[in-house]
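Residues per chain, in single letters:
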Amino acid sequence: MSSIDQLSQLSIEEASRRLAAREVSSRELTQACLARIAATDSQVGSFLELTPELALQQADDADRRRAKTNAGASDATALTGVPIALKDIFLTKGVRTTCASKILENFTPTFDATVVARLRQAGAVLLGKVNMDEFAMGSSCENSSMKLTRNPWKLDRVPGGSSGGSATCIAARQALGSFGTDTGGSIRLPASFCGVTGLKPTYGRVSRYGVIAFASSLDQVGPMATTTRGAALLLQTVAGKDPLDSTSIDAPVPDYASIIGGHPDVRGLRIGIPREYFVEGLDADVEVAVRGAIRKYEELGATVVDVTLPHTEYAVATYYIVATAEASSNLGRYDGVRYGRRRGEEQGLREMYGETRDQGFGAEVKRRIMLGTYVLSAGYYDAYYSKAMRVRTLIRRDFDAAFAQCDVIVTPTAPATAFGIGSRTDDPLKMYLSDILTISVNLAGLPGMSIPCGLDRDGMPIGLQLIGKPLDEPTLLRTAAAYEDACQWQRKRAELRP
Amino acid sequence: MSARSFYEQGGFETVIGLEVHCQLATASKLFCGCSAAFGADPNDHTCPVCLAMPGVLPVLNRRAVEYAIRAALATGCTINTTSRWARKNYFYPDLPKAYQITQYEQPYCEHGRVAFDLDGTQHTVRLTRIHMEEDAGKSVHDAHASWSLVDLNRAGVPLLEIVSEPDIRSGPEAAAYMRKMRSLVRYLGISDGNMNEGSMRCDANVSLRKRGDTKLGIRAELKNLNSFRSVERAIAYEIERQAEILLDGGTVVQETRLWDADRGVTRSMRSKEEAHDYRYFPEPDLLPLVIDDAWIERVRSELPELPDARRERFISAYGLSDYDSGVLTASKELADWFEAAVAAHDNPKALANWITSDVLRIANDAEGEADYSKLPFGPASLAALVRLIDDGTISGKIAKTVFSKMVETGDDPAVIVEREGLVQVTDEGAIAAIVDRIVAANGDKAAEYKSGKDKLFGFFVGQVMKESHGKANPALVNRLLKERLDG
Chain A
-12 MSSIDQLSQL SIEEASRRLA AREVSSRELT QACLARIAAT DSQVGSFLEL
38 TPELALQQAD DADRRRAKTN AGASDATALT GVPIALKDIF LTKGVRTTCA
88 SKILENFTPT FDATVVARLR QAGAVLLGKV NMDEFAMGSS CENSSMKLTR
138 NPWKLDRVPG GSSGGSATCI AARQALGSFG TDTGGSIRLP ASFCGVTGLK
188 PTYGRVSRYG VIAFASSLDQ VGPMATTTRG AALLLQTVAG KDPLDSTSID
238 APVPDYASII GGHPDVRGLR IGIPREYFVE GLDADVEVAV RGAIRKYEEL
288 GATVVDVTLP HTEYAVATYY IVATAEASSN LGRYDGVRYG RRRGEEQGLR
338 EMYGETRDQG FGAEVKRRIM LGTYVLSAGY YDAYYSKAMR VRTLIRRDFD
388 AAFAQCDVIV TPTAPATAFG IGSRTDDPLK MYLSDILTIS VNLAGLPGMS
438 IPCGLDRDGM PIGLQLIGKP LDEPTLLRTA AAYEDACQWQ RKRAELRP
Chain B
5 MSARSFYEQG GFETVIGLEV HCQLATASKL FCGCSAAFGA DPNDHTCPVC
55 LAMPGVLPVL NRRAVEYAIR AALATGCTIN TTSRWARKNY FYPDLPKAYQ
105 ITQYEQPYCE HGRVAFDLDG TQHTVRLTRI HMEEDAGKSV HDAHASWSLV
155 DLNRAGVPLL EIVSEPDIRS GPEAAAYMRK MRSLVRYLGI SDGNMNEGSM
205 RCDANVSLRK RGDTKLGIRA ELKNLNSFRS VERAIAYEIE RQAEILLDGG
255 TVVQETRLWD ADRGVTRSMR SKEEAHDYRY FPEPDLLPLV IDDAWIERVR
305 SELPELPDAR RERFISAYGL SDYDSGVLTA SKELADWFEA AVAAHDNPKA
355 LANWITSDVL RIANDAEGEA DYSKLPFGPA SLAALVRLID DGTISGKIAK
405 TVFSKMVETG DDPAVIVERE GLVQVTDEGA IAAIVDRIVA ANGDKAAEYK
455 SGKDKLFGFF VGQVMKESHG KANPALVNRL LKERLDG
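Keeping their order, the protein sequence lines are chains A and B. Start counting the first sequence at -12; every next residue gets the next number (my numbering). Start counting the second sequence at 5; every next residue gets the next number (my numbering).
What the hints contain is simulated information worked out from the structure, not anything from laboratory work. Any given hint could turn out to be false.
[To be verified] Label pairs and their computed distance ranges (CB to CB):
# : chain 1 : residue 1 : chain 2 : residue 2 : range
1 : A       : 81        : B       : 67        : 32 to 38 Å
2 : B       : 17        : A       : 364       : 32 to 38 Å
3 : B       : 262       : A       : 48        : 55 to 61 Å
4 : A       : 143       : B       : 48        : 50 to 56 Å
5 : B       : 254       : A       : 369       : 33 to 39 Å
6 : B       : 280       : A       : 81        : 35 to 41 Å
7 : A       : 369       : B       : 377       : 48 to 54 Å
8 : A       : 350       : B       : 51        : 32 to 38 Å
Given the structure is predicted, the values throughout are model-derived calculations rather than measurements. All residues carry an ideal CB built from backbone N, CA and C; glycine is no exception.
Make a model of the complete structure from these sequences and hints.
So, in structure tokens, the structure goes:
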């Protein structure tokens, strides 16, 4: 393996250390990532838009900033010079942003999402935009209208979704870090399928301004990386109140890296195991790996507590009412009037709306718009939306009660490992069930993580899900890092050969 | 029997409820920093948020909430500590997000009332609720042969929707209610209330029922009522239309009807079946709105004087009649005009008389609307005119002439008096000379007067005034004539 390949395999914290020590330049790191992308992306298909010139410019800027810092004059951050990728759901000024939809195929934003602006300010290097399910609706990344993205561990498997490209670019070591969004598991599921670390923060911890909306009350931005410490550095940069997002939380952002520290300790930590998450249909290898991880925590000094989340069985139904209702409204703006694709204008207004949206949206997006429109309709609102909101409250209370007995909840991230490409596309219900273990976390607005905890019989990664109390990302990160340090699953890499 | 005469004989009772939309005069829009001003070039006042670019989010303009609180306090509404924003979903090119952010199930205030006078009778209309919402943009269909154009300057401008109970019984009552509403929002400084610019608009729900019935009849919702006259005319037309249907034994169709001011008719726009399903649901991008007591009290302490209080003050402080106070305080601009005049010359009663008779006559246009800033002279000039009377420089009669000249030229009254030589003659010798001349020239009438025909005194006064071109001091003329004739 060439040395340039090794540079793209660095964790963010290691790259950051070497950048600070001037052992490596951002240009070298960025070139290593671009080379790795050139060598592997024809197989994996992570990137929708690659911006190498911009990235190298940003790398040079970062190197100058680092040099000034060494001279004691500047303000470099942990991310200054670190190459990362962004899900194509984040608005990037001057760089095409499609949300993997034909309806936005020619859309170039005039401004940056708050997350993007904060990353630029921190000096991160933006390599490009990565693939996703159209409008973040999907669990396999197969709903992209742009391209197919494959799982780097086995190219005939899906990477998971919707933030599929954000996971594959880490698993294929094309970028050191990435950002995705998670509405019902869209960060944690692909992280699990691709053997990387993914964090969905507390709802409101990170600004949604400039993030194309799917379901506003559930969407949350989060980082992906090879390590927990890397994810923590990414979160550190983007978290915090944003005056442009009224739902962002005005609470201080803790110093996550120092909370994790060099030797995270879980002694005395109470780990809750909800029985509803270990049910029939859970893959045997997944269960073995997760039970093994729980035993490891006990060995490390944590206490295991059985907890119950009794309304779990209603989570998927509740989610598909709330999320589709909000989506049906959020996607109304794609009407061909002001931007994006327009069709049928010569035939009149109704026809323009019809043609534009019929040709612009893919099948899954249309299915969810119709479902959401239906559940909000006069006469059905009480039976569906209103009831779903009440169930949502019950699900949140389940977690409140559980967290009275434990500090963090541990479950599998998904019932099984990555499935075959095309194996579930004809059965939306089966596809929806991929998210059965991640959805409740979004409904309750809690932080959740997925970290690698083993491989199944086919050598596919298994994800361990950690769920925390509101704004308790510190405990979540500390718990994840303790396991990572003890087991080192994050060092396992996809055997992807150029 | 015609529908109208049946109606007029009291067969039917008209029931009207109004939904008034009032644009708040904030500097910026309700959910973004764009200017909310009227009259810019199309789409100049837009940004990613009000253009509904992907990924944008609303941020509430707190100033708009303060204005809304003022309206709630002035109408005696109960303010809800917590209210919610909702999305009203529909597709139209001038609605960029395909939903309007409004308040639905939990408005910020409810249960108020508005009192107003109509032909000397006091009326009270209860308010169901007031809620805040954002305006849509404007579609222009006639500017281009094959395209419709969209101007989004108005998209996102804050509105109050003021919903009344069905307490209104006639078109004139509806118009009087609207005028009071406009007066209120102008007093409060929260809206310019201009109906012709669309900053105040109104929909009317109109139905008829047999007098004595308590159940409401089937209603039609009238739209496009963009002047006080339209409100009156459209309701009058609609009463007649519905009465004819009912008298023929038919039933009124529940529908939305558009007022066509040119043809003077209402036309069906859409039926109940075609009505939009707006799919309201709570707006997830905004937190519930919390208006606590401290906020309410702060706004209350900054509340300007309202029309009813000002009317009382005009009666007690200036000794005006109830009627004059009512006329003067009906509009904030007129009341301000009056008080500016009083500040320049302290004779409130005389000034009130001049304003209610002479100034209002020239200020009102055909619609009965007045713009006091467009008068040819200001309150200081009127005060100067009254001062000229009070200090004896001109007579009340001459003052009318001076006033006409002020209307024509806008000149200061002193300048007019000087230029036209209208100064009152108070030189006793000069007047006595005229008196002598007149009495001498009318010896026969003087003899008749002396023999008891008292009425002839007026004749002599008239002759002297005529001779002096109206400038002789009337009191002096009286005294000198009396001395000369009775002596």
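These are the hints, each one checked on the structure:
The beta-carbon spacing between residue 81 of chain A and residue 67 of chain B, approximately 34 Å, falls within the hinted interval of 32 to 38 Å. With their beta carbons about 36 Å apart, residue 17 of chain B and residue 364 of chain A fall inside the hinted range of 32 to 38 Å. Against the hinted window of 55 to 61 Å, the Cβ-Cβ separation of residue 262 of chain B and residue 48 of chain A comes to about 60 Å, which satisfies the hint. A C-beta distance of roughly 54 Å is found between residue 143 of chain A and residue 48 of chain B, which places it inside the suggested range of 50 to 56 Å.
Taking 33 to 39 Å as the suggested C-beta distance range, the pair residue 254 of chain B and residue 369 of chain A conforms, at roughly 35 Å. In this structure, residue 280 of chain B and residue 81 of chain A meet the distance hint of 35 to 41 Å, their C-beta atoms being roughly 38 Å apart. The hint said 48 to 54 Å for the Cβ distance between residue 369 of chain A and residue 377 of chain B, and at roughly 53 Å that hint holds. Hint check: residue 350 of chain A to residue 51 of chain B, Cβ distance near 34 Å, so the stated range 32 to 38 Å holds.
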